[in-house]
Amino acid sequence: MTTANVTEEKVHLAGTELYVPKGGSGSPVLVLHGFEGHEGWLAFHDALAESATVYAPAHPGYTPTERPEWLTSIAHQAIFYHWFIEQQGIAPVDVVGLGMGGWMAAHMAVTCPQNLRRLVLVSPAGIKPEYDEVFDIFIAPWKQVIDMCFSDPASSPEYERIYGGEFQEFGGPREAGRTMSIRMGYRPFFYDPALPGMLPKVTLPTLIVRGDDDNIMPAECATLYQKAIAGSILKVIDKCGYWAQFERPQELAQLASEFFA
Amino acid sequence: MADTQYYYFTEQPYTGYDPALQENHPALRLTLSNKHYDPKIASDLYNRYHDEYQVADEVGFDGIMINEHHTAPFCMQASINITGTVLAKITQHAKILMLGNPLPVVDNPLRLAEELAMIDCISRGRLISGFVRGGGVESLANNINPAHNRERFEEAHDIIIAAWTRPGPFRWEGKHFQYRVINPWALPLQQPHPRVMVPGTASPETVIWAAKHRYPYIVLGSFLEQTQELIQIYRETAEEEGYDMQPDHIGYLIRCFVCDTEEKAQELGKNFFWQNGALNKQPREWMAPPGYATVNVAGIRRLRAISRSFDSLAYEEAQKNYQLVVGTPDTVIEKLRYVRGLLGIGHLCMWAHDGYIGHEDTVRSIELLGKEVLPALRES
Numbered sequence: 001m002t003t004a005n006v007t008e009e010k011v012h013l014a015g016t017e018l019y020v021p022k023g024g025s026g027s028p029v030l031v032l033h034g035f036e037g038h039e040g041w042l043a044f045h046d047a048l049a050e051s052a053t054v055y056a057p058a059h060p061g062y063t064p065t066e067r068p069e070w071l072t073s074i075a076h077q078a079i080f081y082h083w084f085i086e087q088q089g090i091a092p093v094d095v096v097g098l099g100m101g102g103w104m105a106a107h108m109a110v111t112c113p114q115n116l117r118r119l120v121l122v123s124p125a126g127i128k129p130e131y132d133e134v135f136d137i138f139i140a141p142w143k144q145v146i147d148m149c150f151s152d153p154a155s156s157p158e159y160e161r162i163y164g165g166e167f168q169e170f171g172g173p174r175e176a177g178r179t180m181s182i183r184m185g186y187r188p189f190f191y192d193p194a195l196p197g198m199l200p201k202v203t204l205p206t207l208i209v210r211g212d213d214d215n216i217m218p219a220e221c222a223t224l225y226q227k228a229i230a231g232s233i234l235k236v237i238d239k240c241g242y243w244a245q246f247e248r249p250q251e252l253a254q255l256a257s258e259f260f261a
Numbered sequence: 262m263a264d265t266q267y268y269y270f271t272e273q274p275y276t277g278y279d280p281a282l283q284e285n286h287p288a289l290r291l292t293l294s295n296k297h298y299d300p301k302i303a304s305d306l307y308n309r310y311h312d313e314y315q316v317a318d319e320v321g322f323d324g325i326m327i328n329e330h331h332t333a334p335f336c337m338q339a340s341i342n343i344t345g346t347v348l349a350k351i352t353q354h355a356k357i358l359m360l361g362n363p364l365p366v367v368d369n370p371l372r373l374a375e376e377l378a379m380i381d382c383i384s385r386g387r388l389i390s391g392f393v394r395g396g397g398v399e400s401l402a403n404n405i406n407p408a409h410n411r412e413r414f415e416e417a418h419d420i421i422i423a424a425w426t427r428p429g430p431f432r433w434e435g436k437h438f439q440y441r442v443i444n445p446w447a448l449p450l451q452q453p454h455p456r457v458m459v460p461g462t463a464s465p466e467t468v469i470w471a472a473k474h475r476y477p478y479i480v481l482g483s484f485l486e487q488t489q490e491l492i493q494i495y496r497e498t499a500e501e502e503g504y505d506m507q508p509d510h511i512g513y514l515i516r517c518f519v520c521d522t523e524e525k526a527q528e529l530g531k532n533f534f535w536q537n538g539a540l541n542k543q544p545r546e547w548m549a550p551p552g553y554a555t556v557n558v559a560g561i562r563r564l565r566a567i568s569r570s571f572d573s574l575a576y577e578e579a580q581k582n583y584q585l586v587v588g589t590p591d592t593v594i595e596k597l598r599y600v601r602g603l604l605g606i607g608h609l610c611m612w613a614h615d616g617y618i619g620h621e622d623t624v625r626s627i628e629l630l631g632k633e634v635l636p637a638l639r640e641s
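Same order as they appear, the protein sequences are chains S and P. Here the first sequence is numbered in my numbering, starting from 1 and rising by one per residue. Here the second sequence is numbered in my numbering, starting from 262 and rising by one per residue.
It is worth saying that the hints were derived from the structure and are not from the lab. Be careful, since some hints might not be right.
[Claimed, not checked] One side only, chain S facing chain P, incomplete, derived with CB under 10 angstroms:
#1 115
#2 138
#3 178
#4 189
[Unchecked claim] Pair by pair, the computed Cβ-Cβ distance ranges are:
#5 S/17 / P/419: 28 to 34 angstroms
#6 S/130 / P/308: 56 to 62 angstroms
#7 S/169 / P/419: 32 to 38 angstroms
#8 S/73 / P/603: 48 to 54 angstroms
#9 P/637 / S/169: 56 to 62 angstroms
#10 P/368 / S/73: 18 to 24 angstroms
#11 P/503 / S/129: 43 to 49 angstroms
#12 S/169 / P/298: 29 to 35 angstroms
#13 S/129 / P/628: 43 to 49 angstroms
#14 P/503 / S/172: 36 to 42 angstroms
#15 P/368 / S/64: 33 to 39 angstroms
#16 S/231 / P/435: 41 to 47 angstroms
#17 P/382 / S/64: 53 to 59 angstroms
Built from N, CA and C at the ideal position, the CB exists for glycine as well.
My request is simple: use the sequences and hints to build the entire structure.
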């Protein structure tokens, strides 16, 4: 699948060794995964790497990056990635934040915007919906959660590649990431009550993307993001669930690449 | 075995809902709607169960074991301390064995220390204060982060012991709990503090923790083979800690019901399979949400295997395996002697009521246990 020249790096930082697959060429794009954890070099990364240098790290706490003891929240992840950008000397970078990673990217934009250039937030968590509820991923069987993150898992090559075959529901390399997600997002569940009040500080060009068939995050969350960040754009991908990066990798990469161009 | 202590236990089941729900609903806790709960029935049941505790006290049980669960009909005790307070006033002699307060889901362990101290004073020193981690579902029900479960358990325990034993005022700056002033004006009557016990079903970590603190570990009805494994872990940990495990360090909870005839006992014993034996019918992921087990896959699998054990048994098989002991006093005495001897336990908790067993039959069972079974067990 891979067309980009992908390397795997271990970056010593903040008390851990950050695992960073990196590929492509051009201006840097930092891709922040969501609660699904790090699923390797994706078709989405590959498509994005056609026009950029893609950094696709596994967050601290998600296999194979160990969690340093001090790091327990989304805000801490945001500080960690600022630290990474500064250490690598790659500022300003474009950022794609996926789901929970979108929440991290939003925090990064609030705290230290000079390290960033443009933001793409895909089904971002972080804002409490006003009318509906975020689906509770922590009390449903994990396989059900995964299936719900797709509009049509059966037609997704990435679904088949990543989740097809025998599925280990408990334990295994994904357990640490699930634990990290519950550590950071359990209560309040996937939002920061202060975030809507802070987001108007963001002046970076921002594109918000959601799938039209998202069973996890209510559509209003994307709209609330758009309202909070002045000048931001909202785009909807057809026949797409919560995980656009898996289900519509080409479309999402094209939207992001055009926005970053 | 004159020193073995015997305790009466019931889950205090709420039986007033439509049994058809047991078949149709995927979980009998957390999400089973409380529209099926009738407070009038509950009021009668609470008072009935309290009357039965009084009988257990009068007929000579050494203690009454109580517990706490949330959002579930199988156990009506949403607060173990309320039941404990009632027992402190309505019983005279029996120890109040709490197994136990679920520490991780408590947000103010200092208040818990105060409440337990009050119960110990009011009961004139009859409290045995057990502490539990609570199943994963209790963290979900109380919205406490499962990833903090063990840390909160250990820190809350440390606060309670400190509040009981260290003269105040002092400050506490912990990871999960902070206090400007710990200085409770409610201290336990028993010195240096009420006895602590720890129950469990499968987690080796909990056995090791109990053994390191020299707290008795009470196995809650796990298979005998499994129980022996857990006891062996306790024994080995005790050796590492430089002491010899005694019978007093180990207890076992067994389902046990007695009638005047075998036929009636066999019939009523089926009540231990009420809700199809699935006391905790729930999706597997509720038992060990992410972070609840410290990424110990073997432990997680073991927990789940045991959770399925009782309800997967046929009634006769459950009796063969000593998961359930029912019959006339003579039958039950023989079986309980076997279990006591096999495990070498110093505490035998008798889960002597469940399901739809009525008040009169429950009282009769308690009387037969107290007047015939316990004296025989104390004899030999």
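Against the structure, the hints:
{"no.": "1", "hint": "115", "result": "violated, 29 angstroms"}
{"no.": "2", "hint": "138", "result": "holds, 6 angstroms"}
{"no.": "3", "hint": "178", "result": "holds, 4 angstroms"}
{"no.": "4", "hint": "189", "result": "holds, 9 angstroms"}
{"no.": "5", "hint": "S/17 / P/419: 28 to 34 angstroms", "result": "holds, 33 angstroms"}
{"no.": "6", "hint": "S/130 / P/308: 56 to 62 angstroms", "result": "violated, 45 angstroms"}
{"no.": "7", "hint": "S/169 / P/419: 32 to 38 angstroms", "result": "holds, 35 angstroms"}
{"no.": "8", "hint": "S/73 / P/603: 48 to 54 angstroms", "result": "holds, 50 angstroms"}
{"no.": "9", "hint": "P/637 / S/169: 56 to 62 angstroms", "result": "violated, 48 angstroms"}
{"no.": "10", "hint": "P/368 / S/73: 18 to 24 angstroms", "result": "holds, 19 angstroms"}
{"no.": "11", "hint": "P/503 / S/129: 43 to 49 angstroms", "result": "violated, 57 angstroms"}
{"no.": "12", "hint": "S/169 / P/298: 29 to 35 angstroms", "result": "holds, 32 angstroms"}
{"no.": "13", "hint": "S/129 / P/628: 43 to 49 angstroms", "result": "violated, 58 angstroms"}
{"no.": "14", "hint": "P/503 / S/172: 36 to 42 angstroms", "result": "holds, 38 angstroms"}
{"no.": "15", "hint": "P/368 / S/64: 33 to 39 angstroms", "result": "holds, 35 angstroms"}
{"no.": "16", "hint": "S/231 / P/435: 41 to 47 angstroms", "result": "holds, 45 angstroms"}
{"no.": "17", "hint": "P/382 / S/64: 53 to 59 angstroms", "result": "holds, 54 angstroms"}
Hints 1, 6, 9, 11, 13, counting from the list given before, are not met by this structure.
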